[in-house]
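Chemist: Sequence:
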Amino acid sequence: MAREMPIPVNMANRESAIQRSLTCGVFMYVLTSQTLLGTQAAKIVKQVYSVLPDYDKIVPNLLHVGVWRLQETCKFSLGVPVKPMLAKPTKGVSEILDKFQGLEFTCEYKYDGERAQIHYMEDGSVEIYSRNAERNTGKYPDVVGSISRCKKSSVKSFVLDCEVVAYDREKQKILPFQTSHFSVPEILWFYFLRYRCLLTISDRCEGEITDGSVCLQILSTRARKDVTISDIKVEVCTFAFDILFLNGQPLLQEQLNVRRQYLYDSFEEMPGIFQFATALTSTDIEEIQKFLESAVNSSSEGLIIKTLNRDATYEPSKRSNNWLKLKKDYMDSIGDSLDLVPIAAFHGRGKRTGVYGSFLLACYDEQNEEYQSICNIGTGFSEKDLEDRSASLRNKVISKPKPYYRFGDTLNPDVWFEPVEVWEVKAADLSISPVHRAARGIVDPNKGISLRFPRLLRIREDKNPDQATTSEQVAELYRAQKINHVNNQAEDDED
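If you read the sequence shown in our numbering, its first letter stands for residue 1, the second for the next number, and so on.
Hints were generated in silico from the structure; no laboratory data involved.
With a Cα cut of at most 27 Å, we get these calculated DSSO-like pairs of lysine-lysine:
id : residue 1 : residue 2
1  : Lys396    : Lys463
2  : Lys463    : Lys46
3  : Lys463    : Lys225
Using the sequences and the accompanying hints, generate a full structural model.
Modeler: Shown next, in the form of structure tokens:
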């Protein structure tokens, strides 16, 4: 009888690697195929990744149990942040009542701060993540220190969805997110951080000296890591509005009214340090309108309206119809600001010689993985803004447009950029455009959508370019605007 030869370790490893490659190859074929099987597999993997965005955990389980049992072994867990659930814009209270007809819903203040996901482990350690799943623990040592004091003794572990907001504890009020004025020593501190590169791109561009003070995004005065309590110049309050995990159990599939009760039962408020989001449950249009005004007067952006006990599960990374956002300025222009990516620029002339005079912005098409031009922007910039943006983007210049850039033939920018930044932009309205390519084929078969009178609001350093406003969202904003214009015309005719 032939003697069985032992397989050398390196050969065994090679065969194992080949097997893994074949398995992944077959999986990718199934995942990307247009068959029903491929569609179901893709849906499962997307769902798993939305609650456990960690390939190091997903791939081994995929190889071990296969795609069909993946949801059994890959679940939401402590220490791995999920992408937050997001809200869709709406133009008014009446639209909310129409969309949520027959459903119980709640209104919450939409705080103007920084989204935070707080993970409290069973060993008492705390991790804080940004909306972009970046570790922010080192930025908020005060939040880390206070969160354990706010939980009840029965709570051993949790994940909270919150907003960290600049707060004046002496006056017991929220500070505006956009700007604040600082003394000369604080100006020197700001520029020290700027020099040491401890502030981000957007932080550096949003400082403006006027009358011996500096105007900044207020939370930008903090470094991104290694902050000590003695470093803190601006205090913050954590406003909690959802709980996603409690004492070892994921709560994503629970309805909001159940999750909210868990939240209220598990924590004690500490005024100015840890508070629950201010909320109202009502279907009275005047009451909601007054609540919106109260939110705005309290330095909040507006309201988030959420279904309570039906279609009210937490959907990570999804911009859901079950969460709607209402801002006061939605009635003044298009329904929402847009997060867009600068992909090119035109040289400035006259007073703007030496800097870029305007920029070509693009939205992101998720399906085709391409950036589609939507407008040229040259307003909303101070001279310093233009200098900073020009200096930052000069390092990102490329010789020709990327193959996944879509723009009209008549557009001839002077320089092209890598897609690296995200800018929040507001506009008067949207219009069909033969030049720009945003949402081309969605609303009009041959033309795209463009922004009229766009202006820069701020730099979104918490977002990646592939998290920019999508072409589908642009099309939704255009349709909503069109409906609103028709309704306004009808009201004018009645008057």
